[in-house]
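Sequences and hints are given; from them, build the entire structure.
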Amino acid sequence: MNALALGMFAALNLFPHPFITDGCTSFPNGTLRSPELWLHCCVEHDLFLWAGGTRKMRNRADIQLRDCVRETGALREADVMYLGVRMGCYFPVKIPHMSWANAWDGPSYIRLTREQIDAIKLDLPRYDLPFELERKLIDSLEAEAPYELSP
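Going by the numbering used here, the final residue of the sequence shown carries number 221, and the count climbs one at a time with no gaps.
Treat the hints as calculated values from the structure; they're not laboratory data.
Just to be clear, a hint being listed does not mean it is correct.
To be verified - The calculated lysine-lysine pairs, modelled on DSBU-like cross-linking and capped at a C-alpha distance of 35 Å, are:
{"id": "1", "residue 1": "LYS191", "residue 2": "LYS206"}
{"id": "2", "residue 1": "LYS164", "residue 2": "LYS206"}
{"id": "3", "residue 1": "LYS206", "residue 2": "LYS126"}
{"id": "4", "residue 1": "LYS191", "residue 2": "LYS164"}
{"id": "5", "residue 1": "LYS191", "residue 2": "LYS126"}
{"id": "6", "residue 1": "LYS126", "residue 2": "LYS164"}
All values derive from a computational prediction rather than experimental measurement.
Below is the structure:
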């Protein structure tokens, strides 16, 4: 991260809260034979939860989780997990790092600003995530980014 960007994000208080994942929260990360079979699906979902964005993006992230787990052959588990993440927002007890847009303070279902997207891009390398996963998140955020008006 360059000094100018660090200074700008610090001045605007745009540093995201740290990304935290616990794998498949309250659900096994895989089967007895393959204990981490769909763990990568949950880490991806947690990353999208962390970044946040619009309600449409939340729906897409939940569907991606279900589809990813289905691709492992765990059809029933995928459907149960999908119902769990969809119903989770209605549970009275919240897990702070597992709520939508937990990288940010403030409203959760909003389109991220260009500055927030840039802050996420600058923050991602410290988590040592697979490049493809970082790219998938950035592409998703960029697709929903506010349009820049030319001067």
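(request) Measure nothing beyond the straight line between the CA atoms of LYS191 and LYS126; if it is 35 Å or shorter, mark the hint as holding. (result) Within the cut-off at roughly 21 Å; holds.
(message) Check the hint pairing LYS191 with LYS206 against an upper bound of 35 Å on the C-alpha distance.
(response) It holds: about 12 Å lies between the C-alpha atoms, which stays within 35 Å.
(message) Hint check: LYS206 vs LYS126, CA-CA at most 35 Å. Holds or violated?
(response) 16 Å, holds
(request) Given the hint that LYS126 pairs with LYS164, test it: the Cα-Cα distance must not exceed 35 Å. (result) This hinted pair holds, its Cα atoms lying about 21 Å apart.
(message) So if I understand the rule, the pair passes when the alpha-carbon distance is 35 Å or less; does LYS191 with LYS164 pass?
(response) Judged against 35 Å, a Cα distance of about 27 Å means the pair holds.
(request) Would you check the hint for LYS164 and LYS206, treating anything up to 35 Å between C-alpha atoms as holding? (result) 27 Å, holds
Every hint from the earlier list agrees with this structure, and none is contradicted.
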